[in-house]
Amino acid sequence: MSSEHDWRSTVSSLDRYENIQKIKTAIETSDPAHTSAHKEAFSKENEAYKNSSSIEEYNAICSAPSSDQQQTPASPPFHQGIGEQENQDDASSPGITIGPYHDCHHVAGGVTAEVYRAQARALKVITETRDIAPHDPFREAKILATLSQTSHVVPLLETFRDQEQRFVLVFPYMPLTLESLLARRDPVTRAQTRRIFGGLFSALKHLHTQGIIHRDVKPSAVLLESPDGPAYLSDFGTAWHPELSVVTEPSDGKILDIGTGPYRAPEVLFGDKSYGPPRRHSRAVHEDGNQLGLILSIFQTMGSPTRESWPEAAHFRTPPFEMYRAFDVREWPEILPDVEPPFRDLVAALVKYNSSRATASDVSFAYPT
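Each residue of the sequence shown is one higher than the one before, counting from 1 in the UniProt record's numbering.
One or more of the hints may lead you astray.
[To be verified] With a straight-line cut-off of 30 Å between C-alpha atoms, the simulated DSSO-like cross-links for lysine-lysine are:
(1) K205 with K218
(2) K50 with K22
(3) K218 with K352
(4) K205 with K142
(5) K22 with K205
(6) K142 with K22
(7) K50 with K142
(8) K142 with K218
(9) K273 with K218
(10) K142 with K273
(11) K352 with K205
(12) K205 with K273
(13) K273 with K22
(14) K50 with K218
Treat the hints as calculated values from the structure; they're not laboratory data.
Construct all of the structure, not just a fragment, from the sequences and the given hints.
Right, here's the structure in full:
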């Protein structure tokens with residue numbers, strides 16, 4: 001049995017995320033009318049992680065039926081972004097003091113940090129520093145310092161140690177994320193799309209020219225000042241930097257077990273540890289069944305790759321040939337029949353197996369900021 005001392009080091013951030021989703025599904029299955037399943041799931045997983053004496057006990061709690069969920073204290077849902085849905089924080093309740101900031105209200109919590117709002121500021125308070133690699137808040141601060149003049153990257157205003165000696169990063173507070181904007185289900189106009197993605201591509205273009213890989217681009221990491229933008233890229237806690245990261249992660253030996261499940265590039269699913277700035281990340285395909293599900297979804301959508309269509313993959317740790325069922329290649333008008341041709345062509349240029357995939361620099365002209 002794993003000891004209390006070492007078992008947490010075997011649980012990755014993605015494992016924890018997947019356990020939260022498992023608990024959430026169990027809650028929603030037992031009570032379809034439940035309105036705070038994510039809050040309770042996060043709370044139960046967090047308590048299990050903190051209090052379990054072994055990985056077996058932790059997994060048993062995360063897999064237990066949800067009949068006792070109502071006794072679990074609720075915690076706010078976690079989004080990686082500094083911005084949250086409007087009125088997420090309860091400004092009517094007494095706030096707390098964090099360092100020099102008073103009247104701070106909790107808006108989100110996660111595996112390594114809690115986010116508070118102090119009027120026009122968002123405070124990211126680092127609550128967990130043990131065994132959180134590749135999460136590194138200190139590297140995050142250093143990377144953001146190098147990007148201080150970069151438009152469309154959320155600016156880091158300051159850092160400090162609070163009264164409990166916790167490391168705190170301070171950002172402008174943003175009321176929305178792209179995720180919360182899409183959750184409204186209001187139509188997103190062409191003008192909104194151009195402005196939001198123009199900001200995102202502008203930020204990525206600058207990062208990639210510096211050799212920086214964000215590694216967790218997703219809707220909740222895109223912060224918005226308003227529904228019309230402007231947009232800012234946030235969450236650099238797992239970013240790779242060619243100078244600051246190279247000692248622990250050489251350029252040809254980058255970590256694969258990183259980031260958020262659905263936002264993974266196929267080359268990393270097959271163990272390409274040399275992935276570069278235009279690409280994203282994943283964990284190796286053999287590590288769990290969820291990777292096979294994602295691979296199947298990609299192959300069903302785009303068709304299976306071949307040695308001719310994806311020659312680089314022949315050198316990956318797990319080449320995507322022969323061992324998988326073959327699916328026919330589909331054309332993009334069939335995949336996205338209701339999308340306007342210019343936008344569909346842009347998606348087609350970005351979603352490819354091989355190295356001809358468009359970069360942020362290639363497509364930034366289509367979304368001027």
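**Asked** Does K22 lie within 30 Å of K50 when you go C-alpha to C-alpha?
**Response** holds, 18 Å
**Prompt:** Holds or violated: K22 with K205, Cα cutoff 30 Å?
**Reply:** It is violated: about 36 Å lies between the C-alpha atoms, which goes past 30 Å.
**Asked** K142 and K22: Cα distance at most 30 Å?
**Response** The hint is violated at about 35 Å.
**Request:** Would you mind confirming whether the straight-line C-alpha gap from K50 to K218 stays at or under 30 Å?
**Result:** holds, 27 Å
**Message:** Just to be careful, I want the Cα atoms of K205 and K142 compared with a cutoff of 30 Å; is the pair within it?
**Reply:** Holds. K205 to K142 sits at ~19 Å (cutoff 30 Å).
**Request:** Starting from K273, check that the Cα of K22 is at most 30 Å away, please.
**Result:** Measuring from Cα to Cα gives roughly 28 Å; hence the hint holds.
**Prompt:** Given the hint that K273 pairs with K218, does the C-alpha gap stay at or below 30 Å?
**Reply:** holds, 21 Å
**Asked** Holds or violated: are the alpha carbons of K205 and K273 at most 30 Å from each other?
**Response** Given pair K205, K273 holds - Cα atoms ~22 Å apart, limit 30 Å.
**Prompt:** Given the hinted pair K142 and K273, is their alpha-carbon gap at most 30 Å?
**Reply:** holds, 24 Å
**Request:** Take a quick look at whether K205 and K218 sit within 30 Å of each other, Cα to Cα.
**Result:** holds, 16 Å
**Prompt:** CA of K50 to CA of K142, is that 30 Å or under?
**Reply:** Measuring from Cα to Cα gives roughly 29 Å; hence the hint holds.
**Message:** Run the distance test for K142 versus K218: straight-line Cα separation, threshold 30 Å.
**Reply:** Judged against 30 Å, a Cα distance of about 22 Å means the pair holds.
Checked against the numbered hints above, the structure violates hints 5 and 6; every other hint is satisfied.
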